[in-house]
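Heads up: the sequence shown begins at 214 in this note's numbering, then just goes up one per residue.
The hints are simulated quantities; they were obtained by calculation from the structure and are not laboratory data. A hint or two may mislead.
[Stated by the list, open to error] Lysine-lysine pairs mimicking DSS-like chemistry, simulated, CA-CA at most 27 Å apart:
| no. | residue 1 | residue 2 |
| --- | --- | --- |
| 1 | K485 | K405 |
| 2 | K355 | K369 |
| 3 | K215 | K405 |
| 4 | K388 | K405 |
| 5 | K485 | K388 |
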Amino acid sequence: MKLAWLCSHESYQPEVLLEHAVLAEEVGFDVVTGADHFHPWVDDVSAASYVWAWFGAVAQATSRVELATSVTAPLFRYHPALIAQAAATVDRLSNGRFILGVGTGEAINEAPLGYEFPGYAERIARMREALTIMHGLLAGEKLDFDGEYYQARTAKLYSPPIGRAPVWMAAGGPKSATFAGETCEGLITSVKDPADTVANIITPYREAARARGADTTVMATRWVVLAGSDDEAWEALVSMRGLRAPGRLEVADPMVLRERADAMDRQEILGKYTIVRDLDELTDAYRPLVTDVGADYVAIQVASADPADTIRRIGAEVLPALREAADS
Numbered sequence: 214m215k216l217a218w219l220c221s222h223e224s225y226q227p228e229v230l231l232e233h234a235v236l237a238e239e240v241g242f243d244v245v246t247g248a249d250h251f252h253p254w255v256d257d258v259s260a261a262s263y264v265w266a267w268f269g270a271v272a273q274a275t276s277r278v279e280l281a282t283s284v285t286a287p288l289f290r291y292h293p294a295l296i297a298q299a300a301a302t303v304d305r306l307s308n309g310r311f312i313l314g315v316g317t318g319e320a321i322n323e324a325p326l327g328y329e330f331p332g333y334a335e336r337i338a339r340m341r342e343a344l345t346i347m348h349g350l351l352a353g354e355k356l357d358f359d360g361e362y363y364q365a366r367t368a369k370l371y372s373p374p375i376g377r378a379p380v381w382m383a384a385g386g387p388k389s390a391t392f393a394g395e396t397c398e399g400l401i402t403s404v405k406d407p408a409d410t411v412a413n414i415i416t417p418y419r420e421a422a423r424a425r426g427a428d429t430t431v432m433a434t435r436w437v438v439l440a441g442s443d444d445e446a447w448e449a450l451v452s453m454r455g456l457r458a459p460g461r462l463e464v465a466d467p468m469v470l471r472e473r474a475d476a477m478d479r480q481e482i483l484g485k486y487t488i489v490r491d492l493d494e495l496t497d498a499y500r501p502l503v504t505d506v507g508a509d510y511v512a513i514q515v516a517s518a519d520p521a522d523t524i525r526r527i528g529a530e531v532l533p534a535l536r537e538a539a540d541s
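Could you build all of it, start to finish, from the sequences and the hints given here?
Quick look at the structure:
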């Protein structure tokens, strides 16, 4: 079982996140992740740097941790071949430490650049074609491809990955989980209720992978807020409050998401997160992802008023406790 730290590109500027990534490696995390967003979740206190440039810097500033997008959408503003090229480049710069996490996207990433953001049926059809292209290129093929959404003509990566560069897909329901099992090397899923996640996401994923004779890897994540009071929790969540606003998948303007979040009762937004008061409670929040979900990777996503101090404290107290739970 490996433990990951999410660097929140919606909350902090890239130079600060680079410091967080280096610190995460120093205190014992096994993986550093970052999401690929064009826009953040609110417009007033936020950030949205380019994760691929940032990963190049992290690859050079670290030596041990794996690096993973959590996640990127290779469907609209990117041709899938460009994502394969980006993944291969980061893999080379990191000496084979890269994991390509993909998802079907959100409007905040595509609509600001003029792309329509269609329904799930089209997005998953695009993903099927995208995975064919990315897998082929990452495997070293010279690719000709004629799909409904994408084409490729003698496409080849002339700077191929030196590692495996596996593709993991984010899924929040059984359809996407089954699709991930049919097409990808791993699953990324956010856990609210462990039993529900196992029944409706992880089991369909594993069954689909088993049907094609594939190995499985599960990264389980959970958003947690570490704060001594509700006021401190609200401060920690100030850049993320739009994530729980209505219509987050379809809205392109972070100002709209911020306005909708600000119109909600503060306790309603806080109630959508797991809020813990100390490191013992933080450990308790993540332990079921180890013991009940049985995840291969547990991604710790913690909002707090002082992220650098939080990383240090988690490294000293929480990571050993979770590793002990995994070994018991």
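Hinted pair, alpha-carbon criterion (27 Å max): K355, K369. Please report holds or violated.
It holds: about 5 Å lies between the C-alpha atoms, which stays within 27 Å.
Hinted pair K388 and K405, Cα distance within 27 Å:
holds (18 Å)
CA of K215 to CA of K405, is that 27 Å or under?
holds (20 Å)
Satisfaction of hint between K405 and K485, Cα-Cα up to 27 Å
Distance of about 10 Å is within 27 Å: holds.
Below or equal to 27 Å on CA atoms is what counts here, so check K485 against K388.
holds (24 Å)
Comparing the model with each earlier hint shows no violations; every hint is respected.
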